[in-house]
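Each chain, letter by letter, is given below.
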Amino acid sequence: MNQYPLWKNLLIVFVLAIGVFYALPNIYGRSAVVQTSALKEQAVNEDLLKKISDKLQAAGIEKFSTTIENNTVITKFETTVDQFKAKEILDGLTGYKSALNLKPDVPKWLSDAGGKAMTLGLDLRGGVYFLMEVDMKEALANKSNQIRGDVTQILKKAKISKKSLKWNKDRLTIKFKSKEMSDKAFDLLRKQVNEVNFKQRTIDGVEAIVGTIRQKAIDDIKTNALEQNISTIRSRVNEYGVAEPIVQRQGSERIVVQLPGVQDSTEIKETLGSVATLEYRAVDMDPAHNAYEIMQTGKHPPLGFKLYKDQDGRPVLLSKRTIVTGDQLIGATSGNDQQSGRPMVSVRLNNIGAKRMLDFTKDNVGNNMAVVFKDRVLVGKEKIVDEDTRVPTTRNIYKPRETVISNAVINGVFSDRFQTTGLESPKFASKLALQLRSGSLAAPVDIVHEKTIGPSLGKENIEKGFLSVLVGFVAVLLFMLVYYKMFGLVANIALGFNVVLIVALLSMLGATLTLPGIAGIVLTVGMAVDANVLIFERIKEEMRAGTPPKLAINAGYEKALSTIADANITTFIAAIVLFAFGTGPIKGFAVTLSIGIMTSMFTAIMVSRAIVNKIYGGKAKLKSLSI
Amino acid sequence: MNLLGNVKFDFMGKRKFALIFSLVLIAISIGSIVTRGLNFGLDFTGGTSVVVNFDKIVELDAIREALESNDFIDASVQNFGSAKSVQIKFQTANGDESTKLVTQLKHIVTSLDAKALVGKGDFIGSQVGDELVEQGSLAILYAIIGILLYVTMRFEWRFSLGSVIALVHDVIITVGVFSITQMEFDLTILAALLAVIGYSLNDTIVVFDRVRENFLGLRKKTPAEVFNVSINQTLSRTIITSMTTILVLVALFVLGGAMIHGFAFALIVGIVIGTYSSIFVASTATLTLGITRKDLMPVEKEGANLDHIP
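Just so you know, the sequences run in chain order A and B.
Read in order, the letters of the first sequence correspond to residues 1 to 627 in the working numbering.
Read in order, the letters of the second sequence correspond to residues 1001 to 1310 in the working numbering.
Note that these hints are calculated values from the structure, not bench results.
Don't be surprised by glycine CBs; every beta carbon is placed ideally from N, CA and C.
Treat the hints with caution; some may be incorrect.
Stated by the list, open to error - Derived coverage of chain A by chain B (criterion: at least 3 residues anywhere in the stretch with Cβ under 8 Å from a Cβ of chain B; other residues may be distant):
| no. | region |
| --- | --- |
| 1 | 206 to 212 |
| 2 | 323 to 331 |
| 3 | 450 to 456 |
| 4 | 471 to 482 |
| 5 | 534 to 542 |
Stated by the list, open to error - A short, non-exhaustive set of chain B residues, derived as facing chain A with CB atoms under 7 Å:
| no. | residue |
| --- | --- |
| 6 | 1019 |
| 7 | 1020 |
| 8 | 1095 |
| 9 | 1123 |
| 10 | 1198 |
| 11 | 1209 |
| 12 | 1244 |
| 13 | 1245 |
| 14 | 1259 |
Work out the full structure, taking the sequences as your base and the hints as a guide.
Below you can see the structure in the form of structure tokens.
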């Protein structure tokens, strides 16, 4: 009766063996390292190793070791002080980027076999957390402008004259002189502009067509803007040199960015959220036009031109048509101009941009070309009331800013590679190059949640977290041993395997361990004994009722089963709800809790029974139990 | 060892006292929640929070005064983990303003203690906070609905309602304790509340399971007697499990650090209340709703089937 079939015993041993194997990587410590990798095609080889060693030794750092793994030089340090110092020194290597990391010291044979340690969350290793909200208003405004252009073109082409065309909030209104015109336009627009839902109306006796952007089109715009922003921010983060960054979508308008090891959030925040880009435009060469006069009198600029200002506030007339925009840039590096020694950005264009630049320069040698630097500035705040919830919030108001940073004579024909000078500092140049390289943001982002966890706090959290797990665990083990004796020992072994399995599953899933996650494990430890307590109490009860020990064991396990199942399923429901609705810390807690429920069912029922069977199952006559 | 193996306590006979006790606790809790409110954390209110580690002990009132004289009107100042560590919270509209105010704060704080270390400042937009409140309340609501359905399916609607009454009882009192002590109520406390719901339910289900079994076995007893027997039979399990869980939570509370202090506290309170409610509240409520032996007959088949699964 109290014997498991062989296959069941083997299965249990097999599961536990796998558990131990995957949990194993977590017992090794973690070292402070700096990872150095090439920005582009620069070589990662022995020469670089030597260069790094020399630089570090010159700075007085003695205790470190270097290795090359996956085209990355990993320099291991004994203290985080050395690590931070080294990062600053290695940031000076041109063509390479360096990132701080905490790397688990998992032996090679283990990592080769697929074993990996859990990643530590920001709260355990320190770093910066941002929650960014994409300004969808801006994305939609761009779309509205594009639709306005399309509609104008279509009507023009069909020679339909209109009285007026304007966007009012989210509604496009086109007014016509006659019903006939309106009908014709309605027909055309409905067929050609699919994103808009058009309707014919009479407004104050005037024939009109009103249109609103379809919900599906709005959703698409939002999704595209969010995805482009995520990919841009991701490449900016990668350029920056952060080890194991997380850039994730959250909901329909937000992006979570987690940067482990980063401590100074100010600079990286600017870089990630920057909408800065460059534009190349032709300069008005007509001597009859006087830009100063236009600026002072406020007169309209000549047809086809727009008034810009340079860094010193001097007016320049530039063509309304761009030659090349930031979207056509595929590469950018910063450096110093060889002749003047001033900071510059050297850019590379894609095929379309290169062709346009070639065509333009061919016809305009001797004329001027200007580089316009575009970004946005904070001009104030507005109070808005959310339409659904009636909750008032404040939102930043930004104004686009366009500055001419360079206005120079075209000396010769060029196409896909050239330099732009006129940048205020080398630092500005390198930041701009990074932003240009990583692509532009589809819509501006606002930071709605920002958190910095210092490295010492992270260390403190992990030490305290583990200490409390250990103390709580030992307390439970002692209690069980005293109260249930031999059966307590069995429950303890099961509990030990339970923790091993939780850790193994979390490692296999590539989960991130956070402080609430540790709390989840602790709570599971407390609750995991519950199943065993239920079984043991039932066995005791049976024995009190006079059932012989062997039968009592069997009855105890069997009768407690449905109770355990019911109790755990209800808790599991709570855990799933937590996971579905929770963000960040709550999710981490829910994951460990639900994994804990599953593993504790296995260990408390199957593993403990297997051990009990081994101890008591073989004995022919059993008089008493140590329970 | 056998501490509570043969206890025969008349729990159901004391259910009037329990009812009064529970009602008083709930009245105090709701009273406090209405009049004093909760000390909501940054997660829910939005704004900026900065932790300052002073080199010497600085009176909280001195900090408040210094802040007020420098136009930080509505800043809240409280100790964070130790006497030298202080958390300062204030409202900010956005990240830029937050960064600016944290720099200002640095000047004020260093004028009080030149060696004070001022943290980076965490900022959270008020809209995010509102959403979190909404999500959190929804989470609790959905958890309760899910549980209601499952228990109705496995047992009977009276048990289901009884267990939910016990859950609401636990949640109100736990939140009430947070209102009375004015401990910070943040996102982790919400997670703890949900864990309390799961735990308290676990306890209740164990008792109900036994009630169901005994209804079928002890045919001569009245429903109240059946509940009494069942609670007594499961009492040692209830106490032992609560004890082991609380052992672990105390370790977390004492050693886990400032960040999970509140979390552990909420769970300790919740589990004490949850243990009490699974003994007194859930059973009393189910009994009052008029449960009889007949109500459980059809469900037995389902339970019997399940027992055959090894």
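Outcome of the hint check:
As drawn, the region 206 to 212 of chain A meets chain B at 0 residues by the rule of a beta-carbon pair under 8 Å; below three, the given contact is violated. Only residues whose beta carbon comes within less than 8 Å of a beta carbon in chain B count, and the region 323 to 331 of chain A has 0; fewer than three means the coverage is violated. Under a criterion of three residues with beta carbons nearer than 8 Å to beta carbons of chain B, the stated coverage of the region 450 to 456 of chain A is upheld, 4 such residues being counted. For the region 471 to 482 of chain A, the stated coverage by chain B is satisfied: 8 residues place a CB nearer than 8 Å to a CB of that chain, which reaches the threshold of 3.
Taking a C-beta to C-beta cut-off of 8 Å, the region 534 to 542 of chain A contributes 4 residues in contact with chain B, enough for the three needed, and the coverage statement holds. Hint status for residue 1019 of chain B: violated, given a least beta-carbon distance of 25 Å to chain A, over 7 Å. At about 29 Å, the closest approach between the beta carbon of residue 1020 of chain B and any beta carbon in chain A exceeds 7 Å, and the interface hint on this residue is violated. About 4 Å separates the beta-carbon of residue 1095 of chain B from the nearest beta-carbon of chain A, less than 7 Å, and the hint is met.
Checking residue 1123 of chain B against chain A: minimum C-beta separation of about 4 Å stays under 7 Å; hint holds. With its C-beta approaching chain A no nearer than about 4 Å, residue 1198 of chain B sits inside the 7 Å limit, and its interface hint holds. Annotation: interface hint on residue 1209 of chain B holds; nearest CB of chain A at approximately 4 Å, less than 7 Å. For residue 1244 of chain B, the interface hint holds, since its Cβ comes within 7 Å of a Cβ in chain A; the closest pair sits about 5 Å apart.
Residue-level restraint check for residue 1245 of chain B holds (minimum Cβ-Cβ distance to chain A is 3 Å; threshold 7 Å). Interface restraint check for residue 1259 of chain B: the shortest CB-CB distance to chain A comes to about 6 Å, inside 7 Å, so the restraint holds.
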